[in-house]
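Trainee: The chain contents come next:
2 protein chains.
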Amino acid sequence: MKKMRAFSRLQLPSIAQFSDVSRSWQRTFASHAAAQQASEALVYKRHGHYSDVLQLEKVLLPLVGDEDIRIKMLAAPVNPADLNMLQGTYAILPPFPAVGGNEGIGEVLEVGSKVCDAKPGDWVIPVDAGFGTWRTEAVCKVTDVIPVAKDIPLLSAATLGVNPCTAYRMLKDFGTLKPGDTVIQNGANSAVGQAVIQIAAAMGLNTINIIRDRPNLKELKEKLKSLGANLVITEETLQEPEVTNLFKEIRKPKLALNCVGGHSAGNLLAHMEYGSTMVTYGGMAKKPVPVPAKSLIFKDINICGFWMTQWKRNNMHDLSKIKAMVAELAELVRRGQLSAPTCTQVPFQDYKVALDATMKSYSKKHVLMME
Amino acid sequence: MKKMRAFSRLQLPSIAQFSDVSRSWQRTFASHAAAQQASEALVYKRHGHYSDVLQLEKVLLPLVGDEDIRIKMLAAPVNPADLNMLQGTYAILPPFPAVGGNEGIGEVLEVGSKVCDAKPGDWVIPVDAGFGTWRTEAVCKVTDVIPVAKDIPLLSAATLGVNPCTAYRMLKDFGTLKPGDTVIQNGANSAVGQAVIQIAAAMGLNTINIIRDRPNLKELKEKLKSLGANLVITEETLQEPEVTNLFKEIRKPKLALNCVGGHSAGNLLAHMEYGSTMVTYGGMAKKPVPVPAKSLIFKDINICGFWMTQWKRNNMHDLSKIKAMVAELAELVRRGQLSAPTCTQVPFQDYKVALDATMKSYSKKHVLMME
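Line by line, the protein sequences give chains R and X.
When you line the first sequence up against full-length UniProt numbering, it's residues 1 to 371, in that order.
When you line the second sequence up against full-length UniProt numbering, it's residues 1 to 371, in that order.
Hints listed in this document are in silico derivations from the structure and should not be mistaken for laboratory results.
Be aware that one or more of the hints could be misleading.
For the chain X half of the interface with chain R, some residues (derived, Cβ under 10 Å), not all of them [to be verified]: (1) Cys116; (2) Pro215; (3) Leu217; (4) Lys218; (5) Asn258; (6) Pro292; (7) Ser295; (8) Leu296; (9) Ile301; (10) Asn302.
Pair by pair, the computed Cβ-Cβ distance ranges are [stated by the list, open to error]: (11) X/Lys114 x R/Ser320: 53 to 63 Å; (12) R/Arg212 x X/Arg214: 36 to 46 Å; (13) R/Arg212 x X/Glu236: 58 to 68 Å; (14) X/Arg214 x R/Ser320: 53 to 63 Å; (15) X/Glu235 x R/Glu328: 46 to 56 Å; (16) R/His49 x X/Met359: 34 to 44 Å.
Listed below are the simulated DSSO-like cross-link pairs for lysine-lysine, each with C-alpha atoms no more than 30 Å apart in a straight line [to be verified]: (17) R/Lys294 x X/Lys45; (18) R/Lys252 x X/Lys352; (19) R/Lys45 x X/Lys294; (20) X/Lys287 x R/Lys287; (21) R/Lys360 x X/Lys294; (22) R/Lys286 x X/Lys294; (23) X/Lys252 x R/Lys287; (24) X/Lys352 x X/Lys321; (25) X/Lys364 x R/Lys252; (26) X/Lys119 x R/Lys294; (27) X/Lys58 x R/Lys321; (28) R/Lys150 x R/Lys223; (29) R/Lys294 x X/Lys352; (30) X/Lys294 x R/Lys172; (31) X/Lys360 x R/Lys294; (32) R/Lys294 x X/Lys172; (33) R/Lys286 x X/Lys286; (34) X/Lys287 x R/Lys294; (35) X/Lys287 x R/Lys252; (36) X/Lys252 x R/Lys294; (37) R/Lys323 x X/Lys287; (38) R/Lys294 x X/Lys218; (39) X/Lys150 x R/Lys287; (40) X/Lys321 x X/Lys218.
Note that the coordinates shown come from a computational prediction; the quantities given were computed from them, not determined experimentally.
Beta carbons: idealized from backbone N, C-alpha and C, even for Gly.
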């Protein structure tokens with residue numbers, strides 16, 4: 001196996017490989033084949049278009065060590081970031097050979113002799129990006145995963161670890177939002193956007209949700225409102241002078257969440273409260289956020305970014321914070337306050353269908369089902 | 001006198017009038033003329049071009065109350081913000097009639113019976129914007145001014161209260177800079193820029209100073225280096241690939257100071273350290289700062305603004321912090337580590353010359369001399 005370069009915070013945003021901290025995907029491939037379990041995995045050994053580089057292969061699993069667990073993957077989404085990793089354009093990349101997929105839900109099959117906080121039958125999700133979730137089985141350290149209660153729907157568990165976590169942290173960590181405060185977001189129909197609407201509603205926050213105009217606008221507005229959105233406005237309406245009337249019935253936003261960039265982000269700035277914060281977590285428009293000096297100087301607006309992967313890494317030394325977040329999100333699911341995004345389930349073997357669909361449109365999540 | 005609206009933090013960045021907190025300019029005009037001192041003042045009663053609205057008038061001063069002082073203005077700069085206030089385009093505006101000028105140095109002539117921390121002969125500078133420094137004498141509360149030691153040059157004292165304070169706070173309050181760390185700034189030849197170079201050098205920080213190409217480039221580079229600049233680079237050089245070689249001998253910037261905006265600010269972003277901060281305190285190019293999503297998400301760069309007037313107001317309840325800053329800056333002047341920007345001295349009566357020159361070019365500071 002290729003030796004890994006040390007992952008350095010300072011290497012970002014150039015492409016960085018994962019650190020030599022033990023992570024499950026390093027253990028994907030057994031060094032010798034001695035009475036080991038086998039797994040089917042979507043493996044790539046060079047970067048490129050997934051149809052050229054990704055192959056379903058049978059790989060042998062390493063033996064389960066004292067602090068290891070063996071898990072059976074149940075379901076794993078295909079996310080845009082997974083495709084960027086395959087292409088080699090994401091900010092972090094695993095060394096080759098690598099298994100695709102960063103998110104998913106697995107069931108514990110076997111635990112090492114020194115493992116006490118996991119038992120066969122438990123559900124777990126990867127704690128970090130780069131797990132390689134597109135496979136039927138994996139052997140990893142028990143600290144590479146977080147437990148998830150089994151009384152929530154499988155698809156909610158499979159999609160809990162990235163987008164809802166991103167929404168949760170952005171609502172919790174930037175400014176101190178109190179019930180009655182307002183959050184404005186663009187790309188409100190994204191998986192993160194839908195999680196923001198639901199978690200914000202559970203926190204007693206108002207949300208102003210900006211979406212692009214589209215043929216099924218009315219239907220989409222109703223869907224987002226059913227999730228708890230207070231206002232759903234198109235990009236075009238946001239630029240009309242009359243939109244200020246909408247802000248009479250709702251407080252001005254203390255927090256703006258931006259996953260689009262360009263003019264869409266600039267339009268959010270115009271409506272933000274004095275001293276508020278805009279968090280950028282995506283750049284779908286592939287255009288910079290245009291920030292007027294007066295917003296910074298006279299309106300004291302703070303512009304920053306959020307990357308879930310980095311947050312998890314910053315908190316890897318103490319998993320309790322990550323576990324608490326996942327437990328709280330699972331509780332919201334249990335109470336009916338947080339639903340999984342609309343998913344299309346695709347049998348694992350038909351992975352090309354899921355990758356094709358994700359490549360064409362980010363709007364609907366496809367989930368590989370391992371059984 | 002026109003009743004003032006309450007100044008609210010939330011009104012920014014729309015034009016706001018000053019608060020009803022007692023400030024000296026409210027006391028510019030005596031309500032009745034009973035044996036009072038007179039002053040000559042540059043008064044305006046409506047917004048517009050200074051040549052249309054500004055007039056040199058004789059005004060009677062209010063009597064000196066128990067907690068008041070009477071001061072003789074010695075020198076007062078003409079700054080671009082003063083012109084914006086006259087035009088009515090600045091973020092805060094005094095009520096009419098108003099006296100122009102926000103910065104300057106005065107000598108105490110007379111103190112009220114309850115004033116113990118000022119005596120005749122002391123030098124003082126205004127604590128807040130809107131003082132109305134373009135006049136020969138003023139009566140104000142003793143808390144409206146900050147003492148400045150008299151053993152520094154008059155022009156240093158006259159120009160200490162705004163630009164060096166802005167430079168000082170930006171270097172002290174955004175990130176924790178340690179000796180050996182690097183600051184990058186554009187508009188490095190501005191009055192704030194020159195103060196940044198000198199205060200940073202006194203703090204043991206490196207500075208990378210970006211300026212526009214110009215005929216006297218070599219001369220300007222040498223001047224800024226004589227102030228303590230480590231590197232002086234043109235905007236054009238900053239965009240060349242070879243510029244990265246310069247960063248091998250100096251740490252990557254943890255702090256960027258932007259008074260230009262547009263591409264100039266965008267170019268700074270490309271060279272900043274992971275987790276660093278860009279502070280915007282001006283927008284000379286009148287174009288937004290274009291912030292790429294990857295700078296925010298993967299490079300964890302924070303974008304914020306600074307406005308000295310707001311900082312002073314936030315700290316008005318306890319003048320000790322403002323006094324300590326002014327005392328520390330005066331000590332740098334005394335040690336020869338902080339010099340006044342190049343100033344042209346203009347007799348008070350020739351104010352139109354100074355305003356004309358400031359309107360045409362921001363590059364050289366003009367100071368009205370009252371005697």
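Trainee: With reference to the structure, classify each hint as holding or not holding.
Mentor: Each hint tested on the structure:
Interface restraint check: X/Cys116 against chain R, minimum CB-CB distance 36 Å, threshold 10 Å, status violated. The closest approach between the C-beta of X/Pro215 and any C-beta of chain R is roughly 28 Å, which is over the 10 Å cut-off, so the hint fails. Annotation: X/Leu217 was flagged as interfacial toward chain R, and the flag is violated, the nearest CB pair being 26 Å apart, outside 10 Å. Of the supplied interface hints, the one on X/Lys218 is violated, with its beta-carbon coming no nearer than about 30 Å to a beta-carbon of chain R, more than 10 Å.
A hinted interface residue such as X/Asn258 counts as satisfied when its beta carbon comes closer than 10 Å to some beta carbon of chain R; here the least separation is about 8 Å, so the hint holds. For X/Pro292, the suggested interface contact is upheld, since its CB lies about 5 Å from the closest CB of chain R, less than 10 Å. About 7 Å separates the beta-carbon of X/Ser295 from the nearest beta-carbon of chain R, less than 10 Å, and the hint is met. Interface hint status for X/Leu296: upheld, as the beta-carbon distance to the closest one in chain R is roughly 3 Å, under 10 Å.
Against a cut-off of 10 Å between C-beta atoms, the interface hint on X/Ile301 holds, since the closest Cβ of chain R lies about 7 Å away. Because the smallest distance between the Cβ of X/Asn302 and any Cβ of chain R comes to about 5 Å, under 10 Å, the interface hint for this residue holds. At about 58 Å, the CB distance of X/Lys114 to R/Ser320 agrees with the hint of 53 to 63 Å. The hint said 36 to 46 Å for the Cβ distance between R/Arg212 and X/Arg214, and at roughly 45 Å that hint holds.
Distance hint check: the CB atoms of R/Arg212 and X/Glu236 are about 38 Å apart, inconsistent with the given range 58 to 68 Å. The hinted range of 53 to 63 Å is satisfied by X/Arg214 and R/Ser320, whose Cβ atoms lie roughly 58 Å apart. Against the hinted window of 46 to 56 Å, the Cβ-Cβ separation of X/Glu235 and R/Glu328 comes to about 48 Å, which satisfies the hint. The given range of 34 to 44 Å is broken by R/His49 and X/Met359, whose C-beta atoms sit roughly 59 Å from each other.
For the suggested pair R/Lys294 and X/Lys45, the alpha carbons sit about 26 Å apart, so the restraint of at most 30 Å is met. For the given pair, R/Lys252 sits about 43 Å from X/Lys352 by alpha-carbon distance, which is inconsistent with the 30 Å threshold. The straight-line distance between the Cα atoms of R/Lys45 and X/Lys294 is roughly 26 Å, inside the 30 Å bound, and the hint therefore holds. A threshold of 30 Å between alpha carbons decides the hint, and for X/Lys287 with R/Lys287 the separation of about 15 Å falls inside it, so the pair holds.
Restraint check: the Cα-Cα separation between R/Lys360 and X/Lys294 comes to about 23 Å, which is no more than 30 Å; the hinted pair holds. In summary, the hint linking R/Lys286 to X/Lys294 is supported, as the alpha carbons are separated by about 10 Å, within the 30 Å threshold. For the proposed pair X/Lys252 and R/Lys287, the alpha carbon gap of about 25 Å is at most 30 Å, so the pair holds. As the CA atoms of X/Lys352 and X/Lys321 are separated by approximately 36 Å, the hinted pair breaks the 30 Å bound.
At most 30 Å may separate the alpha-carbon atoms for a hinted pair to count; X/Lys364 and R/Lys252 exceed this at roughly 41 Å. At roughly 40 Å between alpha-carbon atoms, X/Lys119 and R/Lys294 are farther apart than 30 Å, so this suggested pair is violated. Of the supplied pair hints, the one linking X/Lys58 and R/Lys321 is violated, its CA atoms being roughly 68 Å apart against a limit of 30 Å. Restraint check: the Cα-Cα separation between R/Lys150 and R/Lys223 comes to about 27 Å, which is no more than 30 Å; the hinted pair holds.
Distance check on the hinted pair: R/Lys294 and X/Lys352 sit about 29 Å apart at the alpha-carbon level, within 30 Å; holds. Proximity of X/Lys294 to R/Lys172 is assessed by CA-CA distance (about 22 Å); at most 30 Å being required, the pair is judged to hold. Restraint check for X/Lys360 and R/Lys294: satisfied, since their Cα atoms lie roughly 22 Å apart, inside the 30 Å limit. With a C-alpha separation of about 22 Å, the suggested pairing of R/Lys294 with X/Lys172 holds against the 30 Å cut-off.
For the suggested pair R/Lys286 and X/Lys286, the alpha carbons sit about 23 Å apart, so the restraint of at most 30 Å is met. About 10 Å separates the Cα atoms of X/Lys287 and R/Lys294, which keeps this hinted pair within 30 Å; it holds. At most 30 Å may separate the alpha-carbon atoms for a hinted pair to count; X/Lys287 and R/Lys252 meet this at roughly 25 Å. Annotation: proposed proximity of X/Lys252 to R/Lys294 holds, straight-line Cα distance about 27 Å (limit 30 Å).
Distance hint between R/Lys323 and X/Lys287 is unfulfilled; the C-alpha atoms sit about 44 Å from each other, more than 30 Å. Note on R/Lys294 and X/Lys218: the hinted pairing is violated, with a Cα-Cα distance of about 33 Å set against a maximum of 30 Å. For the proposed pair X/Lys150 and R/Lys287, the alpha carbon gap of about 53 Å is over 30 Å, so the pair is violated. Of the pairs offered as hints, the one joining X/Lys321 and X/Lys218 is violated, with about 39 Å between alpha carbons and a cut-off of 30 Å exceeded.
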